[in-house]
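For the protein sequence lines, the chains are R and U, in the order given.
Residues in the first sequence are numbered consecutively from 7, following the numbering used here.
Residues in the second sequence are numbered consecutively from 65, following the numbering used here.
Derived from the structure by calculation, the hints contain no laboratory data.
For every residue, glycine included, the Cβ atom is placed at its ideal position computed from N, Cα and C.
A portion of the hints provided could be inaccurate.
[Stated by the list, open to error] Covered by chain R, per the in silico footprint, the following chain U stretches (three or more residues, Cβ under 8 Å):
id: 1; region: 236-245
id: 2; region: 261-271
id: 3; region: 298-311
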Amino acid sequence: MPAMIEITNAEKSFTMHLQGGIRLPVVRGVSFDVNAGECVVLSGPSGAGKSSILKMIFGNYRCDGGRIGIRHAGVVIDLAKAEPREVLSVRRATIGYVSQFLRAVPRVATIDVVAEPLIATGTSRDEARGKAGQLLHRLNIPERLWALPPSTFSGGEQQRVNIARGFISDHPILLLDEPTASLDAANREVVVGLVGEKKRAGVAMVAIVHDDVVRRLIADRVVDVTSFAAVA
Amino acid sequence: MADMRSAAQNDQPLLVAEGLGKNYGRIAACRDISFVLYPGEVLAIVGESGSGKSTLLQLLSAQLAPSAGHVSYRMRDGVLRDLASLGEAERRFLFRTDWGFVHQDPAQGLRMAVSAGANVGERLMAVGWDHYGRIRQTASSWLERVEIDTARIDDAPRTYSGGMRQRLQIARNLVTEPRLVFMDEPTGGLDVSVQARLLDLMRNLVSELGLAAVVVTHDLAVARLLSHRVMVMKGGQVIETGLTDQVLDDPHEPYTQLLVSSILPP
Numbered sequence: 007m008p009a010m011i012e013i014t015n016a017e018k019s020f021t022m023h024l025q026g027g028i029r030l031p032v033v034r035g036v037s038f039d040v041n042a043g044e045c046v047v048l049s050g051p052s053g054a055g056k057s058s059i060l061k062m063i064f065g066n067y068r069c070d071g072g073r074i075g076i077r078h079a080g081v082v083i084d085l086a087k088a089e090p091r092e093v094l095s096v097r098r099a100t101i102g103y104v105s106q107f108l109r110a111v112p113r114v115a116t117i118d119v120v121a122e123p124l125i126a127t128g129t130s131r132d133e134a135r136g137k138a139g140q141l142l143h144r145l146n147i148p149e150r151l152w153a154l155p156p157s158t159f160s161g162g163e164q165q166r167v168n169i170a171r172g173f174i175s176d177h178p179i180l181l182l183d184e185p186t187a188s189l190d191a192a193n194r195e196v197v198v199g200l201v202g203e204k205k206r207a208g209v210a211m212v213a214i215v216h217d218d219v220v221r222r223l224i225a226d227r228v229v230d231v232t233s234f235a236a237v238a
Numbered sequence: 065m066a067d068m069r070s071a072a073q074n075d076q077p078l079l080v081a082e083g084l085g086k087n088y089g090r091i092a093a094c095r096d097i098s099f100v101l102y103p104g105e106v107l108a109i110v111g112e113s114g115s116g117k118s119t120l121l122q123l124l125s126a127q128l129a130p131s132a133g134h135v136s137y138r139m140r141d142g143v144l145r146d147l148a149s150l151g152e153a154e155r156r157f158l159f160r161t162d163w164g165f166v167h168q169d170p171a172q173g174l175r176m177a178v179s180a181g182a183n184v185g186e187r188l189m190a191v192g193w194d195h196y197g198r199i200r201q202t203a204s205s206w207l208e209r210v211e212i213d214t215a216r217i218d219d220a221p222r223t224y225s226g227g228m229r230q231r232l233q234i235a236r237n238l239v240t241e242p243r244l245v246f247m248d249e250p251t252g253g254l255d256v257s258v259q260a261r262l263l264d265l266m267r268n269l270v271s272e273l274g275l276a277a278v279v280v281t282h283d284l285a286v287a288r289l290l291s292h293r294v295m296v297m298k299g300g301q302v303i304e305t306g307l308t309d310q311v312l313d314d315p316h317e318p319y320t321q322l323l324v325s326s327i328l329p330p
């Protein structure tokens, strides 16, 4: 199995110019690989930098140093140094990201929020909506809500919409930031099932999961983030 | 083969700015600005008033001659040309067909006293359409696309609300299928609810038509929703640039951090 993600000595800090230029080190020496078909769970206490590492892998946070190797369209691209266009192309075709909170455009119907990533990569609107409907159905979002924008939904419903949007594409890499945080037991089980299907399809995943049961069920390997603590 | 050619074209820059500068007397409104815009890419230029972003937009769209540097544009024949070297006919072609320009004030981009249908149809006639029925049909389908009731096709934009006028201005600009659209504070002056609708509409049109766009805005939420990349301007210079979510979620420069921290939470 080829490594889909190869992270070597990545580091990140924040310089807070509005707070007198304080430098907040976040992580340093981040190094691990993720193979196709495996789910790596990041562990560590709150504030250890787990979400920051996911954002670095997604190209959302810019690294201060190190390398984020991503296998994209047959070659390895260093996302820490990639041009904006390359990062966008990697996100379109290779890396999916399920964030903790849904950031949806006002006024867009739930079914279209979910279908959008597929449409963006060339799937027809009808086919994308069909697949979106199946996922929403599995995640127990009743059909009468599909035409409504998700902004009025409950936290758990929004998170399930977000999961559907993240899982709809066939990206070979998937990043999951607390995908089950506000879900009930039945829906947690659905997510565990979806993660299992992605593994069988050869998707490489990095996840942050606080729920011990879910972690045991999906983790092939645990990477302890405290070992990357950057000391000021 | 056609697909391969268009893929190759997408890999070539559409608009190139090199060392652009504009001085008014001793005041430098823009200094040393360079960037490349690719087909289908949406670039937001953000900064407060007086930062030089509107001057930059005028330089890029050949409405103002630069004091320094060049702007080049890839014409439909695939050749990258310096805007300063274009003849009058070529410039007219760009303004009438290949480019759109959406003004903050729709009254600047529309003819307020003629009908909505004529406002849209006029751009088609300028590129040689002469069949009245087809022009009206196309105008009508564009009104639908921008969510204007086609029963209002014969009314003048004077009688339209602010949000409708702005949507009509967008229809007028897009009817000739331009490859590049310049937008100057496109949602400025509109109610928040109207803004959301307009943003959603513009976002869909830009992605469906594969448009490239340069959007000047002081509203970071507009930049977040519409753009792939952002350039932050201050004092006539670009101080930070990158993917929109990178710059907004992980701003590096003091001024960008100030801008981002000044957004009220929704």
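Against the structure, the hints:
Check on the region 236-245 of chain U: 0 of its residues sit with their Cβ under 8 Å from a Cβ of chain R, so the three-residue criterion for coverage is violated. Counting residues of the region 261-271 of chain U whose beta-carbon sits less than 8 Å from any beta-carbon of chain R gives 5, enough to reach three: the coverage restraint holds. Check result for the region 298-311 of chain U against chain R: holds, 4 residues qualifying (beta carbon to beta carbon below 8 Å, three or more required).
Hint violations for this structure: number 1 only, all remaining hints satisfied.
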